[in-house]
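Asks: Respectively, the protein sequence lines represent chains A and B. Residue 390 in full-length UniProt numbering sits at position 390 of the first sequence, with consecutive numbering throughout. Residue 385 in full-length UniProt numbering sits at position 385 of the second sequence, with consecutive numbering throughout.
Hints are computed from structural coordinates only; laboratory data are not their basis. Worth double-checking, as some hints may not be accurate.
Each pair may be met inside one copy or between any two copies, as identical chains are not told apart.
Pairs of lysine-lysine, DSBU-like flavour, derived with a Cα cap of 30 Å [as the list claims (entries may be wrong)]:
(1) K245 with K102
(2) K150 with K162
(3) K247 with K102
(4) K61 with K35
(5) K150 with K102
(6) K150 with K136
(7) K172 with K150
(8) K143 with K162
(9) K421 with K403
(10) K22 with K272
(11) K421 with K396
(12) K162 with K136
(13) K35 with K22
(14) K22 with K172
(15) K162 with K2
(16) K421 with K162
(17) K247 with K35
(18) K35 with K421
For reference, the chains in residue letters:
There are 2 protein chains.
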Amino acid sequence: MKWKPSRLSHLTIQEQIVDWIKSRIECGDWTVGTKIPTQRQLAAQFNVNRSTVQLAIEELKADGMLESKMGSGVFVANNSWNVLLDRSQPNWQQHIESSIYKPNYRTIQLINEYEQYDHVIRLGTGELSPELLPTKQIEQSLKVISLDAKSIGYSSPQGSLKLREILCNYLKKRDIQTSPENILIVSGALQALQLIAMGLLEEGSVVFHEQPSYLNSVHPFQSAGMHMIPVSRNPNLSDNMRTLKRKRQSLYYCVPTLHNPTGYNWSLEEKKNLYNVCNELQIPIIEDDVYHELLFEPTSPAIKSFDASGQVLYIGSVSKTLSPGLRIGWIVAPSPVIERLADIKMQTDYGSSAFSQEIVAHWISTGLYERHLVTLREQLKRRAIFVENILDQQFKEIATWRKSEGGFYIWLRFNEPIVNKRLFLDLLNQNVLINPGYIYDSGDLHHIRLSYAYASLEELNIALTYLLEHAR
Amino acid sequence: MKWKPSRLSHLTIQEQIVDWIKSRIECGDWTVGTKIPTQRQLAAQFNVNRSTVQLAIEELKADGMLESKMGSGVFVANNSWNVLLDRSQPNWQQHIESSIYKPNYRTIQLINEYEQYDHVIRLGTGELSPELLPTKQIEQSLKVISLDAKSIGYSSPQGSLKLREILCNYLKKRDIQTSPENILIVSGALQALQLIAMGLLEEGSVVFHEQPSYLNSVHPFQSAGMHMIPVSRNPNLSDNMRTLKRKRQSLYYCVPTLHNPTGYNWSLEEKKNLYNVCNELQIPIIEDDVYHELLFEPTSPAIKSFDASGQVLYIGSVSKTLSPGLRIGWIVAPSPVIERLADIKMQTDYGSSAFSQEIVAHWISTGLYERHLVTLREQLKRRAIFVENILDQQFKEIATWRKSEGGFYIWLRFNEPIVNKRLFLDLLNQNVLINPGYIYDSGDLHHIRLSYAYASLEELNIALTYLLEHAR
Chain A
1 MKWKPSRLSH LTIQEQIVDW IKSRIECGDW TVGTKIPTQR QLAAQFNVNR STVQLAIEEL
61 KADGMLESKM GSGVFVANNS WNVLLDRSQP NWQQHIESSI YKPNYRTIQL INEYEQYDHV
121 IRLGTGELSP ELLPTKQIEQ SLKVISLDAK SIGYSSPQGS LKLREILCNY LKKRDIQTSP
181 ENILIVSGAL QALQLIAMGL LEEGSVVFHE QPSYLNSVHP FQSAGMHMIP VSRNPNLSDN
241 MRTLKRKRQS LYYCVPTLHN PTGYNWSLEE KKNLYNVCNE LQIPIIEDDV YHELLFEPTS
301 PAIKSFDASG QVLYIGSVSK TLSPGLRIGW IVAPSPVIER LADIKMQTDY GSSAFSQEIV
361 AHWISTGLYE RHLVTLREQL KRRAIFVENI LDQQFKEIAT WRKSEGGFYI WLRFNEPIVN
421 KRLFLDLLNQ NVLINPGYIY DSGDLHHIRL SYAYASLEEL NIALTYLLEH AR
Chain B
1 MKWKPSRLSH LTIQEQIVDW IKSRIECGDW TVGTKIPTQR QLAAQFNVNR STVQLAIEEL
61 KADGMLESKM GSGVFVANNS WNVLLDRSQP NWQQHIESSI YKPNYRTIQL INEYEQYDHV
121 IRLGTGELSP ELLPTKQIEQ SLKVISLDAK SIGYSSPQGS LKLREILCNY LKKRDIQTSP
181 ENILIVSGAL QALQLIAMGL LEEGSVVFHE QPSYLNSVHP FQSAGMHMIP VSRNPNLSDN
241 MRTLKRKRQS LYYCVPTLHN PTGYNWSLEE KKNLYNVCNE LQIPIIEDDV YHELLFEPTS
301 PAIKSFDASG QVLYIGSVSK TLSPGLRIGW IVAPSPVIER LADIKMQTDY GSSAFSQEIV
361 AHWISTGLYE RHLVTLREQL KRRAIFVENI LDQQFKEIAT WRKSEGGFYI WLRFNEPIVN
421 KRLFLDLLNQ NVLINPGYIY DSGDLHHIRL SYAYASLEEL NIALTYLLEH AR
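With the sequences and hints as input, model every part of the structure.
Replies: Rendered as structure tokens:
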């Protein structure tokens with residue numbers, strides 16, 4: 001469907017490319033300031049030599065339609081519009097720069113972008129490998145799901161009652177007792193955080209979290225104007241939080257089970273201590289529990305399981321276990337919180353996909369989900385051991401790490417502070433995508449979040465070899 | 001799955017209910033200030049007489065666990081917690097009241113709530129009747145959709161490339177020429193507005209819109225701190241907007257085809273005039289085009305079709321035509337805008353359901369979608385005529401209306417200003433849910449948005465009879 005120059009045209013290939021780029025600008029698709037695709041990308045799309053593309057771009061630069069910016073690419077020039085026709089355009093760049101939401105960090109934008117390309121080896125990604133997803137079984141289950149017309153209309157504010165009832169039952173295995181009224185279905189854990197930021201906190205509130213933190217790599221609270229304050233779970237936690245909180249509203253965000261990015265599991269004592277401190281200071285806790293099904297061995301129960309005061313907002317999801325494409329997660333919380341967040345969700349996107357909810361309900365209620373988890377844990381464990389063997393053999397002198405207890409990640413620490421943007425870009429040049437520690441803790445130049453869950457064993461081997469070359 | 005008292009217990013039914021309610025409070029599901037379900041709802045859940053529930057609630061009130069608030073129901077009392085055990089709870093109500101996002105208007109919350117109940121006749125709802133949804137055909141299509149593992153992982157920031165390519169082709173029929181890079185898949189049109197509010201406007205920006213307006217019934221811009229300014233499409237539009245805009249950023253929101261709630265279709269001249277004025281003032285236009293496939297007769301082309309300057313952000317969706325439960329819509333816009341909104345969407349919910357995207361791609365590309373639209377338009381037309389006949393026979397002396405040109409609605413105007421909250425609640429008492437004009441224009445006490453798309457013909461007849469009784 002993408003445009004290509006035609007060998008049959010009376011125009012040369014170069015002329016056709018020049019006309020096509022002009023038409024993109026003319027029709028308003030590429031406005032002033034748009035960065036155009038790279039020569040390599042265009043050459044691939046047009047199925048021509050890169051030199052032909054280069055000549056076409058040079059011609060357009062000479063005409064004042066395009067301009068190069070050192071090191072960052074080729075852009076639609078400011079006066080392109082005057083060149084083409086006498087019309088004014090909204091200044092989109094100005095709109096974007098002055099608007100409310102923070103952009104993703106450049107490194108994360110690059111990660112999001114390069115994760116799309118098949119030739120890139122994803123060494124840090126927070127996603128299961130396609131070969132670990134039960135694609136064919138899901139396809140099979142689509143054939144037996146029966147829909148009723150009610151279920152594909154707009155959903156009730158809290159999401160499918162059927163799914164919420166099934167989740168109540170499922171959560172009992174995590175020692176969490178709740179009822180359908182206390183569950184809100186969301187489009188993944190990140191949306192849960194977004195709703196909490198908009199619905200439960202005033203601007204300038206304090207969000208406590210550990211360092212390194214997943215919350216540094218996404219912006220739901222930062223974009224809503226909250227202060228992110230790192231705290232450690234040490235004996236002074238209570239005093240520290242009391243001092244830092246002052247009179248402000250606050251909450252504590254944590255991933256106590258298979259912490260992202262470190263993979264650490266809190267002890268029961270650490271969980272109880274945090275709970276008691278937060279209870280005393282009346283600080284709500286967000287317990288992000290999206291990895292717990294991937295524990296290789298059972299650990300201590302979730303904080304929510306001993307929450308007798310409605311203090312904990314508990315978040316679960318199937319994105320790390322069944323399929324991220326479903327976009328289904330849930331929040332368990334006291335009724336006023338659930339009603340409030342459901343009200344905002346209705347104002348934001350009118351609920352999550354009814355089809356995705358049907359699929360998740362089917363997988364959990366039939367036991368397909370838990371059977372899949374058994375296999376998945378085995379496969380992840382096998383992959384963890386494979387990577388740990390490579391590390392043992394080749395990285396012992398330059399890095400340290402803890403043996404994985406489950407999930408996707410090994411939090412690999414290099415002895416030297418080598419994990420900087422240069423390393424990220426150098427590896428990207430070799431088509432290896434890493435998640436550097438500095439996206440989880442801006443001052444950290446020692447760690448990478450190494451994922452054994454996505455790339456194939458062969459790719460893991462190759463990528464680790466490249467990594468070793470750069471790290472030595 | 002819901003708890004019920006047991007006839008076999010050594011406790012009386014009343015005692016069991018008291019214990020159960022206490023346990024809800026104790027475990028933190030019902031925190032201080034929670035409104036508990038009505039006696040009628042509880043009696044239905046427990047399968048007991050309402051008087052038994054009443055006695056249990058009286059007992060809990062006497063114990064200081066619950067308290068009544070005049071006319072608004074029974075709530076968990078402030079000191080319930082002290083009564084039960086010596087623990088503190090976060091003050092959720094305070095959190096909620098001071099937080100960023102505006103709650104839905106009470107009337108709209110009630111609409112969202114009562115739309116869930118089967119016994120309620122929905123006379124104003126913005127949704128197709130279950131009998132108009134192609135449920136069985138969608139179920140059939142699930143059986144033939146084949147998934148590949150890539151497609152059920154996290155999607156690319158802009159959404160499924162396959163769907164975007166299919167949409168490019170589909171949009172040609174609306175005379176809109178675009179490319180996959182200029183499309184963003186969103187979870188319905190409302191999310192598109194939400195992303196635009198967060199990603200393209202600074203706080204305090206101006207959003208121009210017509211009165212009455214769909215935007216008064218939802219808050220994506222208001223919650224982000226924008227000024228909503230009503231303007232009319234009159235000869236002074238240019239001067240008015242120039243004056244009102246001042247130096248601020250602004251945009252113009254419109255539904256030029258089958259306007260919500262009035263059903264009005266703009267003439268080509270009106271569209272061109274708005275476009276030229278906005279072009280001159282560099283005001284971007286949001287063209288909300290989610291109803292156009294439901295036109296009974298073709299009208300003038302979309303504004304986007306003559307947008308040569310990348311001025312128009314065009315929004316489409318399948319929620320009004322195929323199934324709202326899919327939660328799939330799209331924005332067509334210049335590249336910098338799409339990249340920006342995709343970046344925010346990735347930060348908000350990591351993309352829309354891959355399964356829903358597969359279903360929509362299948363329906364549009366195979367032509368199923370357009371064949372369904374032919375039937376749907378016929379059925380809607382039949383329903384419109386049915387309602388118009390009733391209006392002709394019974395409402396001529398008290399109200400006026402324009403014949404429907406498509407979509408779901410008739411904007412019924414009563415001669416007297418009778419459409420107030422009283423009327424809304426009186427009809428709700430008779431299990432008839434209306435969308436009063438004041439949710440689209442706060443000063444309007446004359447209109448209701450009458451939908452012929454949801455209730456059955458019989459229900460429409462009954463509900464209109466009730467409406468007539470109250471209106472006379």
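Asks: Taking the earlier hints as the rules, which of them does this structure contradict?
Replies: Structure breaks hint 16 only.
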